[in-house]
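Colleague: Work out the full structure, taking the sequences as your base and the hints as a guide.
Those protein sequences? They're chains A and B, same order as listed.
With our numbering applied, the first sequence covers 1 to 114.
With our numbering applied, the second sequence covers 115 to 224.
No lab work stands behind these hints, which were simulated from the structure alone.
Treat the hints with care, as some may be off.
Stated by the list, open to error - Pair by pair, the computed Cβ-Cβ distance ranges are:
#, chain 1, residue 1, chain 2, residue 2, range
1, A, 44, B, 189, 26 to 36 Å
2, A, 80, B, 154, 22 to 32 Å
3, A, 63, B, 207, 46 to 56 Å
4, B, 189, A, 54, 33 to 43 Å
5, A, 28, B, 154, 25 to 35 Å
6, A, 54, B, 192, 44 to 54 Å
Here a beta-carbon is modelled for each residue, glycine too, at the ideal position from N, C-alpha and C.
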Amino acid sequence: NAGVTQTPKFQVLKTGQSMTLQCAQDMNHNSMYWYRQDPGMGLRLIYYSASEGTTDKGEVPNGYNVSRLNKREFSLRLESAAPSQTSVYFCASFGFWLGGNEQFFGPGTRLTVL
Amino acid sequence: TQLLEQSPQFLSIQEGENLTVYCNSSSVFSSLQWYRQEPGEGPVLLVTVVTGGEVKKLKRLTFQFGDARKDSSLHITAAQTGDTGLYLCAGPASYGKLTFGQGTILTVHP
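Modeller: Encoded structure:
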């Protein structure tokens with residue numbers, strides 16, 4: 001039982017390059033999320049998927065696309081990376097645990113765009 | 115949009131000291147959660163407070179939910195170096211979404 005896994009852990013891109021961040025969860029959760037974390041700004045929601053087959057924009061969706069490939073996997077794509085997208089990206093899933101609802105986070109992807 | 119304001123943003127203390135972190139909003143929340151994040155890792159849930167006025171204790175950590183359910187606090191007694199990390203409060207929105215405060219970076223020096 002690995003929880004939420006993310007790949008890659010680190011990535012350096014040049015402006016204009018594209019890449020896909022992968023996320024998978026093995027907890028059979030319906031809802032999954034992508035956040036970015038920047039200093040002093042907490043976690044901001046990029047996109048979310050309430051269930052398999054659905055995706056919706058969060059607070060900061062511009063420059064990103066997502067795919068909910070199946071119940072387990074939710075990927076985030078940067079089509080043309082920009083320096084403003086330098087950040088730490090977290091994937092999370094939402095489910096019931098020990099008497100309450102909770103988001104479970106992956107270890108993060110540290111992305112630098114030059 | 116419901117916003118959560120955390121204070122202070124940075125806290126640097128000596129081992130053994132007490133501290134309090136605050137999480138405030140102008141909106142009412144059905145519950146509030148506190149997460150702790152260590153360097154290089156994702157946030158991990160510490161506690162959920164649900165009832166106005168509720169107090170929950172987790173060893174040396176005491177969490178309180180305001181009577182009006184607009185604010186919460188985290189108090190740490192006799193801080194240890196292992197308490198160092200980023201503390202985030204979060205409030206629920208639809209579809210399991212969370213609204214996060216901007217976080218408090220706590221550094222406990224030996």
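Colleague: Now, for every hint given, state plainly whether the structure supports it.
Modeller: Hints, verified against the model:
| no. | hint | verdict |
| --- | --- | --- |
| 1 | 44(A) x 189(B): 26 to 36 Å | holds (27 Å) |
| 2 | 80(A) x 154(B): 22 to 32 Å | holds (28 Å) |
| 3 | 63(A) x 207(B): 46 to 56 Å | violated (22 Å) |
| 4 | 189(B) x 54(A): 33 to 43 Å | holds (40 Å) |
| 5 | 28(A) x 154(B): 25 to 35 Å | holds (27 Å) |
| 6 | 54(A) x 192(B): 44 to 54 Å | holds (47 Å) |
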